[in-house]
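Dock the two chains into a complex; use the hints.
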Amino acid sequence: MRAAYALIIFSFLTSCIGLSGITSAGSSERERILTKCRAPFLEHRWRLVHLISGTIPGGANVSMIGVSDASPLDKVHCTLMTIEGLVLLDAEYDGALAIKRGIGPFKSEGFVTGVIRDMGLVLFQPEGMAETGLDEEGEEVCRYRSEEGVTDEILKRDGTVELRRYDASLNLARVVTFKKLRRDGIPGRIELEGYGMVRYSLELDLIEAERLD
Amino acid sequence: MDTIFHKFGKIIIVLLLPAAFIGWGDDWDQIKKGAVTINSVEAQFVQKKHMEILTRPLVSRGMFYFRVPGSLRWEYTSPFHSILIMHDGAVTRYVKKGDAMVRDSSAGLQAMQIVCNDIARWTKGDFTANPGFSAELREGRTVILSPRNKSIADIIQRIVLRLADEPGVIRSVAIYESKKSYTLLEFSKVKLNAPIPDRLFTGP
Chain R
416 MRAAYALIIF SFLTSCIGLS GITSAGSSER ERILTKCRAP FLEHRWRLVH
466 LISGTIPGGA NVSMIGVSDA SPLDKVHCTL MTIEGLVLLD AEYDGALAIK
516 RGIGPFKSEG FVTGVIRDMG LVLFQPEGMA ETGLDEEGEE VCRYRSEEGV
566 TDEILKRDGT VELRRYDASL NLARVVTFKK LRRDGIPGRI ELEGYGMVRY
616 SLELDLIEAE RLD
Chain D
6 MDTIFHKFGK IIIVLLLPAA FIGWGDDWDQ IKKGAVTINS VEAQFVQKKH
56 MEILTRPLVS RGMFYFRVPG SLRWEYTSPF HSILIMHDGA VTRYVKKGDA
106 MVRDSSAGLQ AMQIVCNDIA RWTKGDFTAN PGFSAELREG RTVILSPRNK
156 SIADIIQRIV LRLADEPGVI RSVAIYESKK SYTLLEFSKV KLNAPIPDRL
206 FTGP
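Line by line, the protein sequences are chains R and D.
Sequential numbering of the first sequence, starting at 416, is according to the numbering used here.
Sequential numbering of the second sequence, starting at 6, is according to the numbering used here.
Honestly, the hints are just simulated from the structure, not real lab data.
Careful, some of the hints might be misleading.
The list that follows gives simulated cross-link-like pairs (lysine-lysine, DSSO-like), each with its CA atoms no further than 27 Å apart [unchecked claim]:
(1) R:K595 - R:K451
(2) R:K522 - D:K38
(3) D:K53 - D:K194
(4) R:K522 - D:K53
(5) D:K53 - D:K102
(6) D:K101 - D:K53
(7) R:K594 - D:K38
(8) R:K594 - D:K102
(9) R:K522 - D:K185
(10) D:K184 - D:K155
(11) D:K38 - D:K194
(12) D:K53 - R:K490
(13) D:K185 - R:K515
(14) R:K490 - D:K184
(15) R:K490 - R:K594
(16) R:K515 - D:K101
(17) R:K515 - D:K53
(18) D:K196 - D:K53
Taking beta-carbon pairs under 8 Å as the criterion, some of the chain R residues facing chain D (in silico) [claimed, not checked]:
(19) L466
(20) S468
(21) A475
(22) N476
(23) D484
(24) T494
(25) I498
(26) I622
C-beta atoms are modelled at their ideal positions from N, C-alpha and C, and glycine is treated no differently.
Next comes chain D alone, as it looks inside the complex (with noise of 0.2 Å):
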C-alpha cells in the first residue's frame, strides 16, 4: 500500500506543478531565477475531462491559490463544491454533503503529505525534485513531463504545460493518463503577488 501512495504522490507532485511554475523564462536557469519573485498565485480553472466513455468533456471549475513556502488550496466550485488543501505539512479535502463541509479521507490523500516537503523546492524552481519524471522545456514555453518508469507510465503517460506570455502565468495543463483520456486544466484571471488570507489554507 505504501508503494500505491509513493507512486500516488509522484504522480500528484506532478499535477499541482502549476503552483510551482510560476516566474518562468526560456530556460530551467531563467525559470529558476524567475521563481524566487513570487511569493503567491491566485487563478480560476476550468477541468474537462476527456474519456472514452464521455461524448463531451466532464467540466468542472474552481480557484486555485498558492502562497510560498507551501499552502495551497485548491477549491472546486462546480458542479460540486470541494477543496483540497495543503498548509503548514498537512493535506485535507472537504466534500459538500448537505450544508456541510465534510473532511474526506479518500486513499490519494495519504500520498498528498508527500507533496508537502517537496513544493517548497519548486517554488525555487527545482523541477527534478520529483524523480518519478523527467522534465523537458520545448519551444514556445510547453513543458513536456514523462514518467521515468513503467509502473507511474501505466498511470500517468505525460503531461503538458503550455505557459503564457506573461511571465508567471501558466496556460493549461494537460495530464494524459492515455491515448482517449486526459484532463485539461485552463487557467484565467491568474494574479501574482496578490496577499491571500491565513484563512483559505486552514480551513473550508
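For reference, chain R alone in the conformation it holds in the complex (with noise of 0.2 Å):
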C-alpha cells in the first residue's frame, strides 16, 4: 500500500516540472512564430478520419478508428469505432456534450467529455494570447495563458511540434507531439500522452482528410 502511494506521489512529482523560462521575440520574430504555430491547427471545418491506438492504465494495447468533423467556429462531432466496424461512441459538442450512441465506458459523461477535451487540445489552437520567444533550448515558442492553466507550443528543430499543456496548479497534464505535418497543415501523425493520477498515450495516424467548407 505505501509503495502505492509513492508511485502517486511520484507521479505527481514528475508531472510538477513547471514551466520553462522563455526569452521574448522581438516584434518582427512574433508574428513570424505566430503563423507557425498556428500551422497544425485547424482553421476551416474538416472530416478526418485516423486509426487511433493506444496505451490504457496497466499497458495494455487499445486500437479504434476515429472520425471526427470539426471547426473551429462550429461544433464538433466525433464517432469512435471498432476495427470492425462497431460504433461505440457518437458524440457532438456545441457548447454541451449530446452522446447519441455510447457502448460499455463510452456511455459515462465523464469519460467522454475527457474524450472530447483531448480532441480541442489536439485540432484547435488554445486559447489565450500568445507569448513569443525562444525556450532554454532554443526553439521557437508560442505560451498560451487561460484560466485554465498554460500550453507552451514549442516548434522542434526536426520540424515536428510539441503541446505542453499544464493545469491551473501549473501540473503538467498533457504533451502533444504532432508528426508529419502535410502542407495543409493537417498532422499525418499525433501523439498524445496524458499525465497525473491516470497515464496513457494515444498515437492518431490519418488516414482521410476532407476539407469541408
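Structure representation (C-alpha cells):
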C-alpha cells in the first residue's frame, strides 16, 4: 500500500516540473512565430479519419478508428468505432455534450467529456493571447495562458511541434506531438500523453482528411 | 462489465456468421446438411462503413480465412493492417504499429472468447446457438437476423445476409446499427475447402 502511495506521489512530482523560461521575441519575429504556431491546428471545417492506437493504464494496447467533423467556429462531431466497424461512440459537442450512442465506457458523460477535451487540444489552437520567444533549448515557443492553465507550443528543430499543457497549478497534464505535417498543416501523426493520476498514451495516424468548407 | 462483454459476444458471434454460413440450401435443414461438407473458406472482402458523419463510406479491404472446427483469420490490409485470429479457443488481434505487428487488448476482444465455443456449432449449420438473435430465411436466399432483446437491439438493429447462387458462397453481410449507420461487407473470390496453412492461425 505504501508503495502504491509512493508511486502516486512520484507520479505527481514527476509531472509537476513547471514551466521553462522563455526569452521574448522581438516584434518582427513575433508575427513569424505566431504564423508557424497556427499551422497544426484547424482553421477551417475538416473531416478527419484516424487510426487510433493507445496504451491504457495497466499497459494494454487498444486500437480504434476515429472520425471527427470539426471546425474551430462550429460544433465537433466525433465517432469512435472498432476496427471491425462497430460504433462505440457517436457524440457532438456544441457548448454542451450530446452522446447519441455510447457503448461500455463511452456511456459515461465524464469519460466522453475527457475524450472531447483531448480532441479539442489536438485539433484547435489553444485559447488565450500567445507570448512568443525562444525556450532554454533555443527553440521557438508560443505560450498561451488561460484560466485553465498554460499551454506551451514548441516548434522543434526536427519539424515536429510539441504542445505541453499545464493545469492551473502548473502541473503537466498533457503532452501532444504533431508529426508529419502536410502542406495544408494537417498532421499525419499525432501522439498524445496524459499525465496525472491516470496515465495513458494515444497515437493518431491520419487515414483521410477532407475539407468541408 | 461481464454483461457488456457477454452482449458484445452475442453480437460478434453474428458478425462472424459468414464463416458458418456456408454450404446452404433453401431451408434450414438444407443449410445444415450442406454445411457438413465445408472444411474451409477463403475470401477477399471489402468493408464499407456508412455513417451520418461521412459523405462517402469508409472503405476497408482484406482477407477472410476460416477452417473447421474453429480457426479464423480476419485480416485488414487497407487502409491499415490489422489481423484478428481465433485458434484453439484463444482470440488475439494484432495491429501494425511502425514496422511491427503489436498485440491489441481492446475490450471487445474479451467477448470474442465466447465465439470460440459456438463457432463449431455454426459450422454444423446450427444458427439457433446464439440466443441473442432470431434467424429468418427469406426468399432469394436472404437471411435476416434480429435481436431478441432491447439491450442488443440498442447496439445492432438487424443483420442482413445475402447468399450467392453458388452453394457455399456468401455475397454480402449488412450490419445495421441504426437507420443511418451500417456496415456492408462484400465477399469475392471465395474458395471453399482449399487447404489453409496452420501458420495463418498461429500468428501475424
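>> Of the numbered hints stated earlier in the document, which are not met by this structure?
In response: 2, 7 and 16
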